[in-house]
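A.B. asks: Each chain, written out:
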Amino acid sequence: DQQVKQNSPSLSVQEGRISILNCDYTNSMFDYFLWYKKYPAEGPTFLISISSIKDKNEDGRFTVFLNKSAKHLSLHIVPSQPGDSAVYFCAASDGNAGNMLTFGGGTRLMVKP
Amino acid sequence: KAGVTQTPRYLIKTRGQQVTLSCSPISGHRSVSWYQQTPGQGLQFLFEYFSETQRNKGNFPGRFSGRQFSNSRSEMNVSTLELGDSALYLCASSPDGGSQETQYFGPGTRLLVL
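If you're matching them up, the sequences are chains W and H in order.
Start counting the first sequence at 151; every next residue gets the next number (my numbering).
Start counting the second sequence at 20; every next residue gets the next number (my numbering).
Accuracy of the hints is not assured; some may be wrong.
Unchecked claim - With beta-carbon atoms standing in for the labels, derived distance ranges: (1) W:Ser160 - H:Gln36: 28 to 38 Å; (2) H:Arg49 - W:Gly245: 40 to 50 Å; (3) H:Ser98 - W:Gly210: 41 to 51 Å; (4) H:Thr26 - W:Asn157: 35 to 45 Å; (5) W:Ser160 - H:Arg28: 41 to 51 Å; (6) W:Met260 - H:Arg28: 34 to 44 Å; (7) H:Gln36 - W:Ala191: 30 to 40 Å; (8) H:Arg86 - W:Asn177: 25 to 35 Å; (9) W:Asp205 - H:Arg34: 48 to 58 Å; (10) H:Glu101 - W:Pro159: 24 to 34 Å.
To be verified - DSS-like cross-link-like pairs, simulated, lysine-lysine; straight-line CA separation at most 30 Å: (11) W:Lys187 - H:Lys76; (12) W:Lys204 - W:Lys221; (13) W:Lys204 - H:Lys76; (14) W:Lys218 - W:Lys155; (15) W:Lys155 - W:Lys206; (16) W:Lys206 - W:Lys187; (17) H:Lys76 - W:Lys218; (18) W:Lys204 - W:Lys187; (19) W:Lys204 - W:Lys218; (20) H:Lys76 - W:Lys221; (21) W:Lys187 - W:Lys218; (22) W:Lys221 - W:Lys155; (23) W:Lys206 - W:Lys221; (24) H:Lys76 - H:Lys32; (25) H:Lys76 - W:Lys155.
Stated by the list, open to error - Chain H is nowhere near these chain W residues, computed Cβ spacing over 10 Å in every case: (26) Ser160; (27) Asn172; (28) Asp174; (29) Thr176; (30) Ser199; (31) Ser201; (32) Lys206; (33) Phe215; (34) Lys218; (35) Ser219; (36) Val228; (37) Asp234; (38) Ser235; (39) Ser243; (40) Leu251.
Hint data in this document are derived by calculation from the structure and do not stem from the laboratory.
Just so you know, even glycine gets a beta-carbon here, dropped at the ideal spot from N, CA and C.
Just chain W, same shape as in the assembly:
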């Protein structure tokens, strides 16, 4: 039972345009959501997070939106740069399970120059 899903395995975007990565979850107990960027054979790098009490969090070119009623979050990258090409994972934690993270399957983003 996949509690966190990223339905798009890959996404290709032109440099300078917006990249939108999506994530859906089923567990209504999740109260904290994170996005990580990952290169092959490296550990995930934290990008941005959002608490369930908010619906938007912004950090530079990265913005995360949370729609609790739809159990959906998205990561917007504007403008996209070739260096953003990587696999992006969304993750969620349930306050009753400590800080255990449940990860989505990842979306490979390719930003073309």
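On the provided structure of chain W, position chain H as indicated by the hints.
C.D. replies: Showing chain H alone in chain W's frame:
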């Protein structure tokens, strides 16, 4: 501040052997979690340690175990290795292991079981 460090970075073992992986968290962080990444199963939570005690455990067999030392460094052990244990093992640390804390990952240990 130094990040999370993991040793060794790469390891080759044969079936039936056992292996120990090490993780040093960010200075001041007291919570250490371990994750397994495989192509088929993605990133899966193994267990979390805080103040030398296991606080959470994922759905893995008892062959997977860990411990944490008083300096917050953690080790993970896998006994009787199977081919399916080949994976990238990731360690993550956070200050107190609270539910809304960001976890920071190390570079991982790539384990290949032959």
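A.B. asks: Each hint needs a verdict: does it hold in this structure or not?
C.D. replies: Verification of the hints:
1. W:Ser160 - H:Gln36: 28 to 38 Å: holds (36 Å)
2. H:Arg49 - W:Gly245: 40 to 50 Å: Once the Cβ atoms are compared, 18 Å apart, the range 40 to 50 Å for Gly245 (chain W) and Arg49 (chain H) is violated.
3. H:Ser98 - W:Gly210: 41 to 51 Å: holds (45 Å)
4. H:Thr26 - W:Asn157: 35 to 45 Å: At 36 Å between Cβs, range holds.
5. W:Ser160 - H:Arg28: 41 to 51 Å: violated (27 Å)
6. W:Met260 - H:Arg28: 34 to 44 Å: violated (27 Å)
7. H:Gln36 - W:Ala191: 30 to 40 Å: Hint violated: Cβ distance 22 Å, outside 30 to 40 Å.
8. H:Arg86 - W:Asn177: 25 to 35 Å: holds (29 Å)
9. W:Asp205 - H:Arg34: 48 to 58 Å: holds (50 Å)
10. H:Glu101 - W:Pro159: 24 to 34 Å: holds (27 Å)
11. W:Lys187 - H:Lys76: Holds, at about 25 Å.
12. W:Lys204 - W:Lys221: holds (13 Å)
13. W:Lys204 - H:Lys76: holds (29 Å)
14. W:Lys218 - W:Lys155: Since the Cα atoms of Lys218 (chain W) and Lys155 (chain W) sit roughly 15 Å apart, the hinted pair holds (cutoff 30 Å).
15. W:Lys155 - W:Lys206: holds (20 Å)
16. W:Lys206 - W:Lys187: holds (19 Å)
17. H:Lys76 - W:Lys218: holds (27 Å)
18. W:Lys204 - W:Lys187: Holds. Lys204 (chain W) to Lys187 (chain W) sits at ~22 Å (cutoff 30 Å).
19. W:Lys204 - W:Lys218: The given pair, whose Cα atoms are some 9 Å apart, holds under the 30 Å limit.
20. H:Lys76 - W:Lys221: It holds: about 25 Å lies between the C-alpha atoms, which stays within 30 Å.
21. W:Lys187 - W:Lys218: holds (23 Å)
22. W:Lys221 - W:Lys155: holds (11 Å)
23. W:Lys206 - W:Lys221: Holds, because 14 Å separates the two Cα atoms, which is no more than 30 Å.
24. H:Lys76 - H:Lys32: holds (25 Å)
25. H:Lys76 - W:Lys155: Given pair Lys76 (chain H), Lys155 (chain W) holds - Cα atoms ~21 Å apart, limit 30 Å.
26. Ser160: With a cut-off of 10 Å, Ser160 (chain W) remains clear of chain H, as the shortest Cβ separation is near 15 Å.
27. Asn172: holds (16 Å)
28. Asp174: Per Cβ check, Asp174 (chain W) is outside 10 Å of chain H; nearest 15 Å; holds.
29. Thr176: holds (16 Å)
30. Ser199: violated (6 Å)
31. Ser201: Label violated. Min Cβ-Cβ 6 Å, cutoff 10 Å.
32. Lys206: Its Cβ never comes within 10 Å of chain H, the nearest being 16 Å, so this holds.
33. Phe215: holds (18 Å)
34. Lys218: Holds, because the least Cβ-Cβ distance between Lys218 (chain W) and chain H comes to about 15 Å, which exceeds 10 Å.
35. Ser219: Ser219 (chain W) clear of chain H: closest Cβ-Cβ about 20 Å, beyond 10 Å.
36. Val228: holds (22 Å)
37. Asp234: holds (18 Å)
38. Ser235: holds (19 Å)
39. Ser243: Not fine: 6 Å to the nearest Cβ puts Ser243 (chain W) too close to chain H.
40. Leu251: Not fine: 6 Å to the nearest Cβ puts Leu251 (chain W) too close to chain H.
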